[in-house]
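S.K.: So for the sequence shown, our numbering puts the first residue at 56; every next one is plus one.
No lab work stands behind these hints: they were computed from the structure.
Certain hints may be false.
For lysine-lysine, the following PhoX-like pairs were computed, each having C-alpha atoms within a straight-line distance of at most 20 Å [as the list claims (entries may be wrong)]: (1) 205 / 224; (2) 60 / 155; (3) 233 / 216; (4) 209 / 194; (5) 233 / 212; (6) 105 / 155; (7) 212 / 194; (8) 155 / 212; (9) 105 / 76; (10) 60 / 212; (11) 58 / 155; (12) 205 / 194; (13) 216 / 58; (14) 76 / 233; (15) 155 / 233; (16) 191 / 213; (17) 155 / 209; (18) 60 / 224; (19) 155 / 216; (20) 205 / 58; (21) 155 / 205; (22) 140 / 105.
Restraint-style ranges between C-beta atoms, simulated for each label pair [said to hold, decoys possible]: (23) 103 / 82: 34 to 40 Å; (24) 135 / 196: 27 to 33 Å; (25) 89 / 140: 14 to 20 Å; (26) 73 / 205: 15 to 21 Å; (27) 77 / 210: 16 to 22 Å; (28) 223 / 138: 20 to 26 Å; (29) 161 / 196: 34 to 40 Å; (30) 174 / 212: 26 to 32 Å; (31) 77 / 174: 20 to 26 Å; (32) 128 / 223: 34 to 40 Å; (33) 173 / 135: 17 to 23 Å; (34) 116 / 189: 38 to 44 Å; (35) 81 / 131: 30 to 36 Å; (36) 208 / 76: 30 to 36 Å.
The beta carbon of each residue, even a glycine, is placed where N, CA and C say it ideally should be.
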Amino acid sequence: MTKQKYTSAKTDLRQVPAVFKLLMDSLEHPERFLARTDEILDYGGGAGDKLTGRWADHGVRNLVLDPYNRTEAHNALVRQLLTVKPADHAICSNVLNVIKEPAVRMEVLREIAALTSPEGVVFFTVYEGNRTSRGKRSKVDCWQNNRPLKSYCKEIKKVFKTGDLVSGKLLMCYGRAKVKG
């Protein structure tokens, strides 16, 4: 993986992410989604397990992969499990916005695609900061791109077919983009 200048390890908020409610509220039939979901990949899910507990309440196994807030052994196990049987769906919440380097964001997107079923939905959110699109260091060893979610669509479309942008806060992607070349 390409080295990041800012690790984003200190951006973990250790709370139940708002993405759960946003995701469930955006689904036309959340009960159908839950009935067809055994595992979710939570890419960049942080050190805490509050979202894991929330998914477990609905019978869904949440597998967190976080290069900066989980051990190498933990991440290796998650990658191994999802290489054998990809996750039904994936969440990438408030991750792309803390990665300064476009090449690293592309690696993240490709890894999510590799570890998620091609039929699965991938949900993206970002913290938009001040929305100036002028990135800056936000605190020690932390970066913030300050970009709206829709500004990431061009990058995301290189890996995923984009689907629905829900209330400007949640991007639901369906399928994989055809790789050119």
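S.K.: Next step is simple, just say for each hint if it's right about the structure.
M.R.: To see whether the hints hold, each was checked on the structure:
Restraint check for residue 205 and residue 224: satisfied, since their Cα atoms lie roughly 9 Å apart, inside the 20 Å limit. For the proposed pair residue 60 and residue 155, the alpha carbon gap of about 8 Å is at most 20 Å, so the pair holds. Annotation: proposed proximity of residue 233 to residue 216 holds, straight-line Cα distance about 9 Å (limit 20 Å). Under the criterion of a C-alpha separation no larger than 20 Å, the hint pairing residue 209 with residue 194 is inconsistent with the structure, at around 27 Å.
Using a Cα cut-off of 20 Å, the hinted pair residue 233 and residue 212 holds, with the two alpha carbons roughly 10 Å apart. A threshold of 20 Å between alpha carbons decides the hint, and for residue 105 with residue 155 the separation of about 27 Å lies outside it, so the pair is violated. Restraint check for residue 212 and residue 194: not satisfied, since their Cα atoms lie roughly 30 Å apart, outside the 20 Å limit. Taking the CA atoms of residue 155 and residue 212, the gap is near 19 Å; set against the 20 Å cutoff, the hint holds.
Only pairs whose Cα atoms come within 20 Å are accepted, and residue 105 paired with residue 76 is accepted, the gap being roughly 13 Å. The straight-line distance between the Cα atoms of residue 60 and residue 212 is roughly 25 Å, outside the 20 Å bound, and the hint therefore fails. In summary, the hint linking residue 58 to residue 155 is supported, as the alpha carbons are separated by about 11 Å, within the 20 Å threshold. Proximity of residue 205 to residue 194 is assessed by CA-CA distance (about 25 Å); at most 20 Å being required, the pair is judged violated.
Between the alpha carbons of residue 216 and residue 58 the distance comes to roughly 27 Å, so the proposed pair goes past 20 Å and is violated. Restraint check: the Cα-Cα separation between residue 76 and residue 233 comes to about 31 Å, which exceeds 20 Å; the hinted pair is violated. Note on residue 155 and residue 233: the hinted pairing is violated, with a Cα-Cα distance of about 26 Å set against a maximum of 20 Å. Distance restraint check for residue 191 and residue 213: the Cα-Cα separation of roughly 25 Å exceeds the 20 Å cut-off, and the hinted pair is therefore not satisfied.
In summary, the hint linking residue 155 to residue 209 is supported, as the alpha carbons are separated by about 16 Å, within the 20 Å threshold. Simply put, residue 60 and residue 224 have alpha-carbon atoms about 27 Å apart, too far for the 20 Å limit, and the pair is violated. For a cut-off of 20 Å, the pair hint linking residue 155 to residue 216 is broken: about 23 Å separates their Cα positions. For the suggested pair residue 205 and residue 58, the alpha carbons sit about 25 Å apart, so the restraint of at most 20 Å is broken.
Between residue 155 and residue 205, the direct Cα distance comes to roughly 17 Å. Compliance with the 20 Å bound is thereby established for this hinted pair. About 24 Å separates the Cα atoms of residue 140 and residue 105, which puts this hinted pair outside 20 Å; it is violated. Between residue 103 and residue 82 the CB atoms are about 24 Å apart, so this pair departs from the stated range of 34 to 40 Å. In this structure the supplied range 27 to 33 Å holds for residue 135 paired with residue 196, their Cβ-Cβ distance being about 29 Å.
At roughly 18 Å, the beta-carbon separation of residue 89 and residue 140 lies within the given 14 to 20 Å, and the hint holds. At about 18 Å, the beta-carbon gap between residue 73 and residue 205 stays in the expected band of 15 to 21 Å. Checked against the given bound of 16 to 22 Å, the beta carbons of residue 77 and residue 210, roughly 21 Å apart, stay inside it. For residue 223 paired with residue 138, a C-beta distance near 34 Å fails the hint of 20 to 26 Å.
The supplied range of 34 to 40 Å is broken by residue 161 and residue 196, whose beta-carbon atoms lie about 22 Å from each other. Separation of residue 174 from residue 212 is about 18 Å and departs from the stated range, judged on CB atoms against 26 to 32 Å. A C-beta distance of roughly 22 Å is found between residue 77 and residue 174, which places it inside the suggested range of 20 to 26 Å. For residue 128 and residue 223, the hinted distance range of 34 to 40 Å is satisfied, since their beta carbons lie about 38 Å from each other.
One distance hint, 17 to 23 Å for the beta-carbon pair residue 173 and residue 135, holds here, with the actual separation near 19 Å. Separation of residue 116 from residue 189 is about 39 Å and conforms to the stated range, judged on CB atoms against 38 to 44 Å. Restraint check, residue 81 to residue 131: a C-beta distance of roughly 32 Å satisfies the suggested window 30 to 36 Å. Remark: the range hint 30 to 36 Å for residue 208 to residue 76 is contradicted by a beta-carbon distance near 23 Å.
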